[in-house]
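One-letter residues, chain by chain:
Protein chains: 2
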Amino acid sequence: MMKNTPLARKLGAFVALSEAELSVLEGLHKRRRTFVAGRDLVHQGQSDQAAYILISGWACSYKLLEDGQRQIVDFQIPGDFLGLRRVVLHLSDHSVEPVTDIEVTEVHVSDLMKTFSDTPRLATAVLWAASRDEAMVVEHLINIGRREADVRVAHFLLELGARLTLVGLGSKTGYACPLTQYLLADALGLSSVHVNRVLRTLREAGMVTFRDGFVTFDDYDRLAEYAKFERTYLDQVGPLLA
Amino acid sequence: MMKNTPLARKLGAFVALSEAELSVLEGLHKRRRTFVAGRDLVHQGQSDQAAYILISGWACSYKLLEDGQRQIVDFQIPGDFLGLRRVVLHLSDHSVEPVTDIEVTEVHVSDLMKTFSDTPRLATAVLWAASRDEAMVVEHLINIGRREADVRVAHFLLELGARLTLVGLGSKTGYACPLTQYLLADALGLSSVHVNRVLRTLREAGMVTFRDGFVTFDDYDRLAEYAKFERTYLDQVGPLLA
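Respectively, the protein sequence lines represent chains H and R.
Letter 78 of the first sequence, counting from 1, is numbered 78 in the UniProt record's numbering, and no numbers are missing.
Letter 170 of the second sequence, counting from 1, is numbered 170 in the UniProt record's numbering, and no numbers are missing.
If you are wondering where the hints come from, they were derived from the structure by calculation, not from laboratory data.
None of the values given here were measured: they were computed from a predicted structure.
Heads up, a few of these hints could be off.
Copies of the same chain look alike in the list, so a pair counts if it works inside one copy or between any two.
[To be verified] No more than 25 Å apart at the CA atoms, straight line, and that leaves these computed lysine to aspartate or glutamate pairs for DMTMM-like:
#: 1; residue 1: Lys114; residue 2: Asp40
#: 2; residue 1: Lys63; residue 2: Asp111
#: 3; residue 1: Lys63; residue 2: Glu225
#: 4; residue 1: Lys114; residue 2: Glu19
#: 5; residue 1: Lys30; residue 2: Glu19
#: 6; residue 1: Lys172; residue 2: Glu26
#: 7; residue 1: Lys114; residue 2: Glu103
#: 8; residue 1: Lys63; residue 2: Asp186
#: 9; residue 1: Lys228; residue 2: Asp40
#: 10; residue 1: Lys228; residue 2: Glu106
#: 11; residue 1: Lys114; residue 2: Glu21
#: 12; residue 1: Lys63; residue 2: Glu159
#: 13; residue 1: Lys30; residue 2: Asp219
#: 14; residue 1: Lys30; residue 2: Glu225
This is chain H alone, in the form it adopts within the complex:
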């Protein structure tokens, strides 16, 4: 039984899915594949007709610019789609690389479109989740543009926590996090030395500790206040559509 996949948990936060809808979702989880850390699975501009649902592990989507710079746009965690925008929105804008070894389900675009057509409530949930993820990306990028480094890092760690909590992989206590300081730096527009210094400051202030692959919220409420973190979507109780 696959009805407790991260994707089902995530979509359940937006739309109360029926047994029938959960079965359809399960039907999408047929073709399992694994990819090793560091090898691209979606290339910028690629016209492949498949997207992936992340089952376990972490990935990152990034954009390579003409001058060779790399901007990490977002990290993907279990329950997230990889390459969804490319196949359904006809936007081929990112490359996706596994941060850890990952397990995914491959979904062909024709199967996905048929599912959307047959079960529009499921489509609503998927697009709702995608839209929320995009909104968070906007936050990241404003983050990079305008916030101080300390607040930027704090906000980022809180947001990852909120997303992981939604799929049962985190809480207000903390979460397991495989990101290196190099990856954090590429996502936040900071040097890794700077990231390291900020993390020490936040730890010494008794707010959050990132060490040995774990983020521990030492004082969640104070950190949230410090980062002016918008907690509304964390506090959401029950799905938005019955």
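Here the structure of chain H is known, so what remains is to put chain R in place on it, guided by the hints.
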């Protein structure tokens, strides 16, 4: 009859809407309101339970940061929702200000949720459109971070053209555009003097002219090539869901 609203045209690009669905959409267009240029209609952090559908005129969404800086996140054109994320995604992140006098339809969140629940295909179309718009915002912000000013302006003018074409207000020839160089500057992270200089360069190169409230594509294909503009979603023929 309202079946030819900009919103109906826009959603029709994603989902082939039935007569019944078009009628439901029409039902949302009941409470007309007008707002004058320059006066906020959605305040950052406001907990109002209404969103708006833009019927005519242009608006911009922006974020004020603690230090008083203003970042324009996106412009809204007819057919776009204003404040949708705030009411359905529980993200209260932007303020919205009319760029011109605008006409909108006010939609209460309870009506919107009922519509989504009763006609999930309509919800799919709305979220699909929202998701595509978000994806474009991501492009803007990468734009700001990494592209040269000339390419940045060119890309921005092409993208606005693509969005306006979708709702019947633009073509590969050009479009009416009420934006000042100050607004362009705030959206693109440039000074207005710099925007002015870039526009002159692009005009003298015979690619695009922005003058007296009109953007004229003097050589659309060359401009698109110059800006590495991803035209896939422009070339889309027919809705994605039958």
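So, going through the hints one by one against the coordinates:
Proximity of lysine 114 to aspartate 40 under the C-alpha cut-off of 25 Å is found in neither arrangement, the shortest distances being 27 Å within a copy and 42 Å between copies. Taking identical chains as interchangeable, the C-alpha atoms of lysine 63 and aspartate 111 are never at most 25 Å apart, the minima being 27 Å within one chain and 39 Å between chains. Only between protomers do lysine 63 and glutamate 225 lie at most 25 Å apart by alpha-carbon distance; the minimum there is 19 Å, versus 32 Å within a single protomer. When the C-alpha separation of lysine 114 and glutamate 19 is checked against a cutoff of 25 Å, the pair qualifies both within a copy, at 18 Å, and between copies, at 22 Å.
Only within a single protomer do lysine 30 and glutamate 19 lie at most 25 Å apart by alpha-carbon distance; the minimum there is 18 Å, versus 36 Å between protomers. Taking identical chains as interchangeable, the C-alpha atoms of lysine 172 and glutamate 26 are never at most 25 Å apart, the minima being 29 Å within one chain and 44 Å between chains. Taking the shortest Cα distances, lysine 114 and glutamate 103 sit within 25 Å of each other inside one copy (24 Å), while across copies they are farther apart (37 Å). In the homo-oligomer, the alpha carbons of lysine 63 and aspartate 186 lie at most 25 Å apart both inside one protomer (11 Å) and across protomers (23 Å), since each shortest distance falls under that limit.
For the identical chains of this complex, lysine 228 and aspartate 40 are inter-copy neighbours only, at 22 Å across copies versus 35 Å inside a copy, given an alpha-carbon limit of 25 Å. For the identical chains of this complex, lysine 228 and glutamate 106 are neighbours neither inside a copy (38 Å) nor across copies (30 Å), given an alpha-carbon limit of 25 Å. Taking the shortest alpha-carbon separations for lysine 114 and glutamate 21, both the intra-copy value of 13 Å and the inter-copy value of 19 Å come in at or below 25 Å. Taking identical chains as interchangeable, the C-alpha atoms of lysine 63 and glutamate 159 lie at most 25 Å apart whether they share a chain (21 Å) or sit on different chains (18 Å).
Proximity of lysine 30 and aspartate 219 under a CA criterion of 25 Å is satisfied in neither setting, with 41 Å inside one chain copy and 48 Å between copies. In this homomeric assembly, lysine 30 and glutamate 225 never come within 25 Å of each other (Cα to Cα): the closest approach is 43 Å inside a single copy and 40 Å across copies.
When the structure is compared with the earlier hints, violations turn up for hints 1, 2, 6, 10, 13, 14 and for no others.
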